[in-house]
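Let the sequences and hints guide you as you build the complete structure.
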Amino acid sequence: MFRSPKSGALTVAFLCFASPALVAGPLGIGETATPEMIAGWDIDIRPDGRGLPPGEGSVADGEGLYEAKCASCHGLFGEGAGRWPILAGGEGTLDTAHPEKTVGSYWPYASTLWDYIHRAMPYPAPQSLTDDEVYAITAYVLYLNDIVEDDFVLNQETFQEVKMPNEPNFYIDDRPDVVNTRCMSQCADASTFEIVTTINGVTPTAHFKEDSGVAANHYGNEAATAEATKVALSDAAVAGKSIYAKACNVCHGAGVAGAPVTGDAAAWSERIAQGMATLNKHAIEGYVGKNGVMPAKGGNMALADEEVANAVAFMVESSQ
Amino acid sequence: MTKLFEPSLPKLMEALATEAQGLKGMDRRNFLKGGIAAVAGLASVQIIPKANAQPNLPPNIPEWQTYLGRGVVAKPYGEPSEFEDLQRRTVPWLTADAQSSISMTPLQDLEGIITPSGLVFERYHGGIPNVNPEQHRLIIHGLVERPIVLSMDDLRRFPSVSEIRFIECPANGGMEWRGAQMEAVQFTHGMLSCCEWTGVKLSTLLAEVGVKPEGQWILAEGADAAGMSRSIPMEKALDDALVVWGQNGEALRPEQGYPVRLLLPGWEGNTSVKWLRRLEIGDQPWHHREETSKYTDLMPDGRARRFTWVQECNSVITSPCPEKPLRHRGFLEIQGLAWSGKGKIKAVDVSFDGGVNWQRAELKGLVLDKALTRFSLQTQWNGEPWLLQSRAIDETGYVQPTLKQLRDLRGGWSIYHKNSIHTWNVTEKGEVYNVQIT
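Just so you know, the protein sequences line up as chains D and C, in that order. Here the numbering used here is used: the first residue of the first sequence is 1, the next is one more, and so on. Here the numbering used here is used: the first residue of the second sequence is 321, the next is one more, and so on.
It should be emphasised that the hints constitute simulated quantities derived from the structure, not laboratory data. These figures come from a predicted structure and were not determined experimentally. Think of the CB as a built atom: it goes at the ideal place given N, C-alpha and C, for glycine as much as any other residue. Just so you know, nobody snuck in bad clues.
Where chain C lies over chain D, by a calculated footprint (3+ residues, C-beta under 8 Å):
| hint | segment |
| --- | --- |
| 1 | 38-50 |
| 2 | 107-121 |
| 3 | 197-204 |
Derived pair list, reagent style DSS-like, types lysine-lysine, alpha-carbon separation capped at 30 Å:
| hint | chain 1 | residue 1 | chain 2 | residue 2 |
| --- | --- | --- | --- | --- |
| 4 | C | 724 | C | 662 |
| 5 | C | 684 | C | 644 |
| 6 | C | 644 | C | 664 |
| 7 | C | 666 | C | 644 |
| 8 | C | 614 | D | 163 |
| 9 | C | 614 | D | 246 |
Structure representation (structure tokens):
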């Protein structure tokens, strides 16, 4: 038995060990989040404008920014390229057989546009835009939807004037809306049944074949890329591979916006013939060609020129 | 008796044209080519007999018994047998790229109710971030007494719970709203998984920061490239919401939000924000992109429902299914999965005649709140054609609706929350086709 000259103190200590008190309030875990920490991460914007930072941008400023950073996926007029989202148009279609949900026809709040562009766009380089750039691009997308005039300048004050036409048409979930009953016999008239089958050709079925021995690869372009990378790559191209995956594959993997698909020798031969200097210049500074738009550095301005050149080397060497 | 016929030519061409409008370039050409080929005659699934495996069958000694096998830790983290083909799969024409896309769980290949972590369906809005847990932080701030920042080490100090819950993308079945499209249960119902999740109750974290009385909403935000964000009402946060770091006995997989995610049991998967970095308490919702532009349900009158959070009661037969046709006459155990975002499954019924008559199925194994529940019906199949359906009823008394009931109310363009009774057409040969009864 443990002995102490101060037996009273021993009793108290022993009780604490035997029965730790359950804490009703905070457990005291974690550190205080400082205003500086919170300011760095608190990026959300609300419909009432709460969260909008100082700054501004005009429709005119937004036009150039949009064409350089957004049009390659969303189209010059917001019409969308490939399967990328359509941003403009679609008014009056929501109750038809072909509803087109765009910023103008569907989105209930303009704050959502600012918030989303700021947090997630451009798609390959999120949170790379300055606040003024976000204001300008937001203003331009609103202009593409005829929600503001061509001389509009968006800032904290003018934001309050913007009203989205479809706002009144949203309502809170009112399910359950269907009431089925648990009938057990003679619940339907089979003579009225029309049995509709599927449209063949839309289901990926590669994996249905037995003994194929090959894993189903649903991304044909990835297979092409894998095949292409079997050739010996230069040091620059090896260095460029991860940059490619991060910044270029979004368009050059699938051929979005006229981008030549990596590994497609036919699509690249004419371009390669222009020389690496020209290809690098176009990739770094941006380029508008007859087939589509190459945003400067793929829209990822944080990349160094050399990194872009390495990625170009990877694409070129993988496509010869 | 039921008359089975294919859609008329003009109707099929119209459906093709409608679908093709959403596709461009090669996608569209391939689609139309496939579709037009289909008009000429419906292709059938070929059942190829397995290669002759007699050398290993009795009375012969199997080849693998004649030498030593692999030793311990040859594969320190094990993997399925090379003879298994367990894979998440996607429908490539559905999305523009693989970073903002979805893959489906192979429900046809699974047993019991737990989805192995590597087969849980994927849904990303900006790819999987490669989060270093040492450098990951969760900030809780806004209308609170004590804003805090938590490391993963801090989070694990809170009292934890482990619960089995399903997660379902609200777009599960969404490709089938306007007509039957997918000849595979993996694609009609595979945006659905069920795991054991381990973490802390969100209510515990909220007690830690002390929510001010005006705090009624929480913004949950991810650390991915999309900064995925959703507004969560305080009522759900205090009810059964969890902040989880464990999945099926180990750390979350990167695909499921490593190192920490929100889990809102029974609610559309998108609200269970992955790679959770921030919870802000506020007095009103934020109406962010994934709760306005997306994850809202367009109704036939052009108006739209918002905050459609609950995944209502649903079920599907997973055996047989298009991937698992009937190969034997005689005894047959029909199996499937049922689930409800509102609680436990109370009962499941099965119909062989397209919903005219129903029989009660048996619930197998664990029947848990907001978890997948496996059902079974033992029967005989002797080559008769079936229009096979399942219908689930949850503990609130809600009965899974027919497709007609859903379409009559919601039209064909709401994308999300299609939980109607599903029909498999089993032919005399035992082939299984996805059909819709209209």
